[in-house]
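> These protein sequences, in sequence, are chains A and B.
If you want this note's numbering, it's the 1-based position in the first sequence plus 4.
If you want this note's numbering, it's the 1-based position in the second sequence plus 3.
Note that these hints are calculated values from the structure, not bench results.
If you're wondering where the values come from, they're calculated on a predicted model, not measured in any experiment.
Fair warning: there could be bad hints in the mix.
[Unchecked claim] Beyond 12 Å from chain A on every Cβ pair, some chain B residues (computed):
#: 1; residue: R191
#: 2; residue: L219
#: 3; residue: A253
#: 4; residue: R355
#: 5; residue: L372
#: 6; residue: P379
#: 7; residue: A411
#: 8; residue: D440
#: 9; residue: T483
[As the list claims (entries may be wrong)] To give a feel for the contact side, a few chain B residues facing chain A, derived at Cβ under 8 Å:
#: 10; residue: R338
#: 11; residue: L421
#: 12; residue: A455
[To be verified] Derived CB-CB ranges, DEER-like:
#: 13; chain 1: B; residue 1: R338; chain 2: A; residue 2: A147; range: 29 to 35 Å
#: 14; chain 1: B; residue 1: R338; chain 2: A; residue 2: M207; range: 24 to 30 Å
#: 15; chain 1: B; residue 1: R454; chain 2: A; residue 2: A97; range: 44 to 50 Å
#: 16; chain 1: B; residue 1: G304; chain 2: A; residue 2: E203; range: 21 to 27 Å
#: 17; chain 1: B; residue 1: L349; chain 2: A; residue 2: D59; range: 26 to 32 Å
For every residue, glycine included, the Cβ atom is placed at its ideal position computed from N, Cα and C.
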Amino acid sequence: MLHSRTNPVRIAVVGHTNTGKTSLMRTLTRDAGFGEVSSRPSTTRHVEGARLIVDGEVLVELYDTPGMEDPIALLEMLDRMDSPDDERLDGPARVERFLANPVHRGRFEQEGKVLKQMLASDAALYVIDARDPVLAKHRDELAILGSCAIPLLPVLNFVSSVESGEAAWREALSRLGLHAVVRFDTVAPERDGERRLYETLGMLVGPHRPLLDRLVAGREREAAVRHTAAMRLVAELLIDVAACRIEVVDDSSTGLDAAVNDLNERVRQREQHCVEALLGLYRFRPDDVDADHLPLIDGRWESDLFNPETLRDLGVKLGTGAVAGAAAGAGIDLMVGGITLGAAAALGALAGGGWQALRHFGDRFVGTLTGKHQLAVNDAILRILALRQLHLVRALEARGHAAVEPIGKLVAESGKWREGTLPRPLHRARSHREWSGLDGSVGDEGGRSDAIEALRQLMEHEPEWGAEQS
Amino acid sequence: MMPDQVFFAYMSSRDQDPVSCDADSLGAFETRWLAEVVRLREEAHGSPVDTAAVRAAVDRAQGVEARILARACQLGVHDGTLGALRAWRARTRVVMWVLLGFALISGFGAALAVLGDGSRPVNVVWALGGLLGVNLFSLVLWFGGLWLGGADAGGVFGRGWLWISRRISSLGDSGVHVPRALVGLMGRAGLTRWWLGAVTHGLWLLALCGALAGLLIALSVRSYGFVWETTILPADAFTTLVGRLGWLPALAGFGIPDAETVRASGSAVITHEAGRLAWSSWLTGCLVVYGVVPRALLWAGCLTYVRLGRNRLRLDLALPAYTALAARYAPTSDRIGVTDAAPGALPSARIRMPHRVGSHAAAIVGLELRSGLGWPPALAPEIEQIGVLDSREQRRQAIARLEASPPARLLIACDARLSPDRGSLELIAELSRHAGDCRVWLIVPATLRERARVIHWRDALVDAGFGARAIFDDATAAITWLECGGDAA
Chain A
5 MLHSRTNPVR IAVVGHTNTG KTSLMRTLTR DAGFGEVSSR PSTTRHVEGA RLIVDGEVLV
65 ELYDTPGMED PIALLEMLDR MDSPDDERLD GPARVERFLA NPVHRGRFEQ EGKVLKQMLA
125 SDAALYVIDA RDPVLAKHRD ELAILGSCAI PLLPVLNFVS SVESGEAAWR EALSRLGLHA
185 VVRFDTVAPE RDGERRLYET LGMLVGPHRP LLDRLVAGRE REAAVRHTAA MRLVAELLID
245 VAACRIEVVD DSSTGLDAAV NDLNERVRQR EQHCVEALLG LYRFRPDDVD ADHLPLIDGR
305 WESDLFNPET LRDLGVKLGT GAVAGAAAGA GIDLMVGGIT LGAAAALGAL AGGGWQALRH
365 FGDRFVGTLT GKHQLAVNDA ILRILALRQL HLVRALEARG HAAVEPIGKL VAESGKWREG
425 TLPRPLHRAR SHREWSGLDG SVGDEGGRSD AIEALRQLME HEPEWGAEQS
Chain B
4 MMPDQVFFAY MSSRDQDPVS CDADSLGAFE TRWLAEVVRL REEAHGSPVD TAAVRAAVDR
64 AQGVEARILA RACQLGVHDG TLGALRAWRA RTRVVMWVLL GFALISGFGA ALAVLGDGSR
124 PVNVVWALGG LLGVNLFSLV LWFGGLWLGG ADAGGVFGRG WLWISRRISS LGDSGVHVPR
184 ALVGLMGRAG LTRWWLGAVT HGLWLLALCG ALAGLLIALS VRSYGFVWET TILPADAFTT
244 LVGRLGWLPA LAGFGIPDAE TVRASGSAVI THEAGRLAWS SWLTGCLVVY GVVPRALLWA
304 GCLTYVRLGR NRLRLDLALP AYTALAARYA PTSDRIGVTD AAPGALPSAR IRMPHRVGSH
364 AAAIVGLELR SGLGWPPALA PEIEQIGVLD SREQRRQAIA RLEASPPARL LIACDARLSP
424 DRGSLELIAE LSRHAGDCRV WLIVPATLRE RARVIHWRDA LVDAGFGARA IFDDATAAIT
484 WLECGGDAA
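In isolation and in its complexed conformation, chain A is listed as follows:
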């Protein structure tokens, strides 16, 4: 299945101990189970590789290495190596001589592994914890790594931290002749961080550049497909909830309460189903370290969907549609027939729904005459569902970047979902009860999938309805 027409680019991931080399590997491979990550220094003591694949072809091999721990002493030893017969050795030759002598290796076992991997690689990423000060040991480390004669690209990790000393690092690196530097926060990388990393690396590795370009293109294609799938999941949720209408058999207030609770629970479960599908799509497990940076607690939204506070936090007003009777509770409309859905929804249904819509309109008309009660989910809840899910998608795509902000910040974004007229497909769904999978039946595929498709396209292509980052 795996093949490579050309040799893949081999890249060593090196750095001082405990700077996040394995985290970088995990982010670049999207393999949350790669290696072992801990805040304890020298967690990784071996060299472990991973292949990056696009369309079944291996383009890049990444090698995770142990952290360098004692560069000052190692450089001292390397410096002494030419002296015996006054023969001057160049960098790689000294490193090779060091590696060839097992006696030297004893104390520098870890560093030896790093150097061996460096010599076997086409380029190296030097991972820096930008919160650390620039110390002599880092400079010595760069001197040693620089003598391996392969391009070295410093990667500034933890740049989004308040303690980040990015400027000092950049200055120190340029003094050492390393002018190409990339920022890449492994916990919360910027949206195009990965692309910039590979592009900068591409400039350094010359002949291997086409491979890295293909990797970037492949990753962006995959991201686009994932985004489409995510928008479809959100659209399915919204259509399911918008289309849902349940009939109240028992008209007493206890019967009504039970029906409302039942509907609430179904909507909650449906939302949770969507959250789990989104997490799965972006390959997050709720117990991932990274999942801490999502706006979820144990893979669930913190605030309840039907809590009025949630509405207020998101700046969503309860709709103008009359909430008939306090018994129905926030977010649920109690309707006699279809009257509260309003003329707009009915007209929308007639325009696009054909005879089935007419039938439903008739249903509701009969309902009005007979006084049959129905429950439906309020517009405000649809708005919250959309806002929350799109927020989650944003957070997942930025791998937690946006999620550092409190959820209240959402108000500034996605204005249309907050107060605009809801999109047409949702209005249509209101009159197609059979589209909803929420009342236990199986949703109808034909018109439902058209509506989902229309809604997905709206969210994908219209920024004010979508999950684009502002």
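Following the hints, complete the assembly by docking chain B onto the known chain A.
Just chain B now, with coordinates in the frame of chain A:
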């Protein structure tokens, strides 16, 4: 080929890259249909344990879609989905046979009813309206539906057939998903209206063929007289109408009653043979040319369109369920494994335990300290300040200085924000050899977020041989020890 297979655009076709489930069974389209059923089923009931199916798929097929199909086959055979699909298909065939029979008989009956039993002369215009009117009306509706779009296009018969077929599916878990999958698949490919159109036109075609048969049989074995009647229209209107309607059938060889015959039919029942033959030929020609032929063409057109579309049809891999599978089939990364194994044990630094030295002096040294840590602290003047060690030269000088006059107490200050590494620990061990008693002061800034680092420092120092009391993270305690000695603090 079975006649019903001709009707069902989704049947047969083993022409294209079959990802065969079992050798003889499914064509490319049916396999995709099966995959859709499996997907819907999994969405409704959750995914089964499919490791074996996934592995088998990887062995058997290349490419993401082919693997998804192979997996669906594997799962479908085992969990009965394939059986449900076949059963549903068989039932739709039964429904279709019934509808076909019904259409044929209705057409036949309609023709007989329109012509009557021969006791009364046949009103030609009335008869033509009876044979073609409903058909033309439904054709207009079908075109209207096509033009206006909407979910309900495709014709009443097609919709009805689908509706009945769905109602009869009580095939268990998978059964409900079979028609949903088909409708979804066709819908996403934009084929629904053409597919149901083919059914609608097919049924109408058969009904009209039935009518044609009825017409021919009745005309063969009974004797009919032909008239036209009017109260307000002039006779010329009929002549023109008959001539114009008959023009197209005439091109195909059907006869037209001449003007004389037409005019004669207005006043009396035509009984002479030439007139009867002309009228019969005209009526048959109109039915064939305005009824049978357009429906046949539309039926063939819809069928061709659906077949072509169906051959182009691929799974929509952007569907969430398939995206997840694609990630398993075409992983974006792959582990190589450990290429250089970890050593059994890492070398670790050991400090020299407290020992007696000649002097009673005390010294303090900082290790890789940065600004902003309140360094150097205010100390009694007799304490020797060695400064901050960072580079190789600074280290060397400090060790030379300590070697020359080892202090009784040496306090090493470290920045707790840094990670303890072997280099720092080696240096601490080296320093400890040149002092009577050596302790470490971890400077913990108030803003330190990762308390874990302090713990790692402590662990590493204890491993190197420090006692718990020899590690301070409180400035006062550290400086008191340095200035006064003892463990009073």
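> Please go over all the hints and tell whether each is borne out by the structure.
Quick rundown of the hints versus the structure:
Its beta-carbon lying about 6 Å from the closest one in chain A, B:R191 breaks the requirement of being farther than 12 Å from that chain. Here B:L219 stays apart from chain A, with its beta-carbon at least about 37 Å from theirs, past the 12 Å limit. Non-interface status of B:A253 relative to chain A is upheld: no Cβ of that chain comes within 12 Å, the nearest being about 41 Å off. At roughly 18 Å from the closest C-beta of chain A, the C-beta of B:R355 stays outside 12 Å, upholding its exclusion from the interface.
Residue-level check failed: B:L372 sits 9 Å from the nearest beta carbon of chain A, not beyond 12 Å. The beta carbon of B:P379 is kept farther than 12 Å from every beta carbon of chain A, the shortest such distance being approximately 17 Å. For B:A411, the requirement that its beta carbon stay farther than 12 Å from each beta carbon of chain A is met, with the minimum near 28 Å. At roughly 25 Å, the least C-beta separation between B:D440 and chain A is larger than 12 Å, which holds for a residue marked as non-interface.
No beta-carbon of chain A is positioned within 12 Å of the beta-carbon of B:T483; the least distance is around 28 Å. Checking B:R338 against chain A: minimum C-beta separation of about 5 Å stays under 8 Å; hint holds. Satisfaction of the interface hint for B:L421 is found here, the shortest Cβ-Cβ separation to chain A being roughly 6 Å, below the 8 Å cut-off. At about 5 Å, the closest approach between the beta carbon of B:A455 and any beta carbon in chain A falls short of 8 Å, and the interface hint on this residue holds.
Between B:R338 and A:A147 the Cβ separation comes to about 32 Å, which falls inside the hinted range of 29 to 35 Å. Separated by about 28 Å at the C-beta atoms, B:R338 and A:M207 satisfy the suggested range of 24 to 30 Å. Here the CB-CB span from B:R454 to A:A97 is close to 45 Å, well matched to the stated 44 to 50 Å. At about 52 Å, the beta-carbon gap between B:G304 and A:E203 misses the expected band of 21 to 27 Å.
For B:L349 and A:D59, the Cβ-Cβ distance of about 41 Å falls outside the hinted range of 26 to 32 Å, so the restraint is violated.
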